Structures are given as C-alpha cells and as structure tokens.
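Given the coordinates of chain A, work out where chain B should sit on it, guided by the hints.
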Amino acid sequence: MNDSLPRAAGQGLAGCHTCGKVAAVTLGRCPRCGSHLHLRKPNSIQRTLALMAAAALLYIPANVLPIMTVVELGDVTENTIISGMMTFWRQGAYPIAIVIFTASILIPLLKIIALSWLCLAASGKLNPSPNMLGKIYWFTELLGRWSMVDIFVVGILVALVQLGNYMTITPGPGALAFAGVVVLTMFAALSFDPRLLWDRLEILGIDPSPLKKADP
Amino acid sequence: MHPWPKPLGGPHRSVCHFCDTLHVAEPLPEGTAARCVCCGAVLYQNRPASLVRVTAFSTTSLILMVVVHSFPFLVMDAASIRTTLNLSSAAGALIHRGSPILGVVLALLTIVTPLSVAGGMIYVCGPLLFGRTAPGAVHVAKWLNKTEPWNMIEVFLLAVLVSLLKLSKVADVHFGMGFWAFGLLMFCMAAAVAGIDRNELWDRLEVAKS
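Line by line, the protein sequences are chains A and B. Start counting the first sequence at 1; every next residue gets the next number (our numbering). Start counting the second sequence at 1; every next residue gets the next number (our numbering).
Extracted from the complex, chain A is given alone in its bound form (with noise of 0.2 angstroms):
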C-alpha cells in the first residue's frame, strides 16, 4: 500500500468531529474548539447495533399499537401506521399513500437493514464494496429524519379535531413507539463512523480510490 493516499489515522492525526481542524490525537483535546480527539468515534459499531436493536424492538410496537384513536358520533376507531396508509390508498390518493409508506415504514426497515449490513461490513463479517456501501450510509443519513412526518401528522390531527361529540382524536401508544424508532435510527447513524469502511479495505490491501486514476 505504498503509493496509496495518506490516512490521517496513519501519521496519527485526527481531523476534529466538530470544528474539522487536524490536529495529533495525542493531544487528547481539540486545540481550536475543545472537543475530544478520537481517530475513530468510540465504541462505533457497538453502539450503533446496540440502538438499531432497541430500535428493531420498537419497530413492533409502532406498527401493531394504534398511534391514533378518532371516536366519531360514538364509534371508535383505531388507527395503526398501516391503516392509514391503506385509507389514503383506497380512496384512490396514491401519491399521498406512497409517500406514507415510504416515509413510516420502508425508510426505517431500509435504515435498519442498512445499519446492520454496514456495522457487519466495518467489523470484517462481509466484504465491503466502498462506493455502495459510502451511497448507503449517505441515504441513512439524509433521509431518517422524514419518518418522522407521521408522528407531526398525529399531533396536528389532534390538535385540529376536537370537535366534542361529533369526532375527537387522541394520540395512541403506538405513536411514541414510532417516534422511538425514529429517533433512535438517528442516534444510530450518527454513532456510525464510516472511516471504518475503508478501514477494513486497508486491511484487506484493496486500493479504496476509483477516483485517484482519473484525476491525478
């Protein structure tokens, strides 16, 4: 690996998660803005399989619990994530049914999913191939912050309709369930330390960079 790029890891040298300065890791502290040096964010990978278990946990409560209960003119119903979707797809609203779906349930299953293969890849359990893998985190990361639409759908919902005997909504527990998930997807990602990808490439002696022959 000699004519390879250089590593900041290699010389020691940490580039600051908060404020970007590189500064030797031995100085334990960021020169410039006072954060903790890390070559790797700490305990990355068990730390983001401990969150995405809880979150797998959660992801079944979310889904079986209603996160809202409407009672209109005495009749109670029931609404879990799924039942709404199928509402909007029923009645024809098809772009507002996918965009449910995809934002409450194949975003978090795909954040899940994608999470634990990139924690298997970074720890040596599967072959990592860098440029899927760098897409992968990158969509992880952009995207898990819209599943939360549904749990801002409920509040409104119940802020709105309250309309005394006729129909009234309150939340359910399937709700925070959800917001649950949601929130612990994120901390997820964010504990996730990508560099560990090409951490394991180093080892395996595979040149990471398509991009190095292209533009010298």
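No lab work stands behind these hints, which were simulated from the structure alone. The structure displayed is predicted, hence computed values, not measured ones. Watch out, some of these pointers could steer you wrong.
Said to hold, decoys possible - Result set (BS3-like, lysine-lysine): computed pairs, CA atoms no more than 25 angstroms apart in a straight line:
hint, chain 1, residue 1, chain 2, residue 2
1, A, Lys135, B, Lys146
2, A, Lys125, A, Lys41
3, B, Lys209, B, Lys146
4, B, Lys209, B, Lys6
5, A, Lys125, A, Lys135
6, B, Lys6, B, Lys142
7, A, Lys41, B, Lys142
8, B, Lys146, A, Lys41
9, B, Lys209, B, Lys142
Okay, now just chain B, sitting in the frame of chain A:
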C-alpha cells in the same frame, strides 16, 4: 467582504470525514467546493458572502418565526365549529391529550431547535462580520453543530400537507397565513444553515480570537 481567512501557521490540512484521507487544504475561489480525491465527498466549500448571508437569512428566520406563531397554519370548519392550528398548538394538544412526551419531542424538533439554530447563527456570525467574537461564541458554535440535525421544520411542512389531505374528506380546511410564512421560514433556515461551511466558520472564529 473579506475572503475566507486562514489562521496563522500551516500547512493547513483537511481530513475527509468519510474515508479519513488526508489532504492539504488549498484556498478555494468563492462558490466552489473541494472534494475528497479518494471517495468524492465534499471536504469544504467556499460560500460567497457567507457571513452576510447567514446573518441576513437567520434574522429573517427569526422574524418569520414571530409571524408563524401569530397566525394559524390551517383553519378547519366542521360541524359548525371552527378550529385553527398553529405551530405550538400541535405540541400543546399532544401534551394535554394523553401523550406529554410526544408533545415535548414535537416542540423540541419544530420550535426550540429552529429557534436556537437561528439565534445561535446570529450570535456567532453577527459579531464576526466586524471581525469580533461574542463571549462564548465557541460554545455556541459547538452547540449549533449538535442541534442542527434535529431541526425538522421541513418535515413538519410535509405533515401539514398530509393532514390537509386527510381532513379534506371530512371538513372544509384551508391554509392560513402561518402556512405560507412557514414555507418561507423553511427556505430561509435552509439558506442560513447552508450559507457557511463549517471549516470556514471555525477558521473565522480562530482568526478573530487571535
């Protein structure tokens, strides 16, 4: 406006946060970005008129927040009752109707975080316009870094649209002033956050302090 200053000493280096490749950080012309030679991730960008833009858009955001909180988002007429929704009533309704934790989370993501991001940006970048640092600006800038991913106003905007479609079947719902102000707020917050590169902000803080 002065171009992106560099602290004394050098050579200045930059590490790719994605793949840990070490680069020499060259000054860039305004409006361009430096990319990692290994993985292609953006290392740093030189935003044109960064401090002026951030301060202006953050100030506009704060003013828009006052408008957003004073006017309703949605107005609903059903069963001869008119109900209105504004930003704080969604969180308030959750707190009073059986899910206080969720209400607090919603308030944090849609009210507290946007307010602290916009306020923090003005506090850090305003004095930097005149080459000074406000007391504790380093701590505020660190706090900005941590809170910024939790600013979810654009997600709330989508939620308002989804709710409108959900309710339009059972009631007469229309947008209020607050909704349009919120759309503008989303645009201004995005422009403020994207207005300055993290590395530039910290280089400016370091230069102004020394």
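Going down the list of hints, with the structure as the test:
Of the supplied pair hints, the one linking A/Lys135 and B/Lys146 holds, its CA atoms being roughly 23 angstroms apart against a limit of 25 angstroms. The straight-line distance between the Cα atoms of A/Lys125 and A/Lys41 is roughly 20 angstroms, inside the 25 angstroms bound, and the hint therefore holds. About 22 angstroms separates the Cα atoms of B/Lys209 and B/Lys146, which keeps this hinted pair within 25 angstroms; it holds. The suggested pairing of B/Lys209 with B/Lys6 holds, with an alpha-carbon distance near 12 angstroms, which does not exceed 25 angstroms.
Only pairs whose Cα atoms come within 25 angstroms are accepted, and A/Lys125 paired with A/Lys135 is accepted, the gap being roughly 19 angstroms. For a cut-off of 25 angstroms, the pair hint linking B/Lys6 to B/Lys142 stands: about 20 angstroms separates their Cα positions. A distance of roughly 17 angstroms separates the Cα atoms of A/Lys41 and B/Lys142; the hinted pair therefore holds under the 25 angstroms criterion. A threshold of 25 angstroms between alpha carbons decides the hint, and for B/Lys146 with A/Lys41 the separation of about 15 angstroms falls inside it, so the pair holds.
The suggested pairing of B/Lys209 with B/Lys142 holds, with an alpha-carbon distance near 16 angstroms, which does not exceed 25 angstroms.
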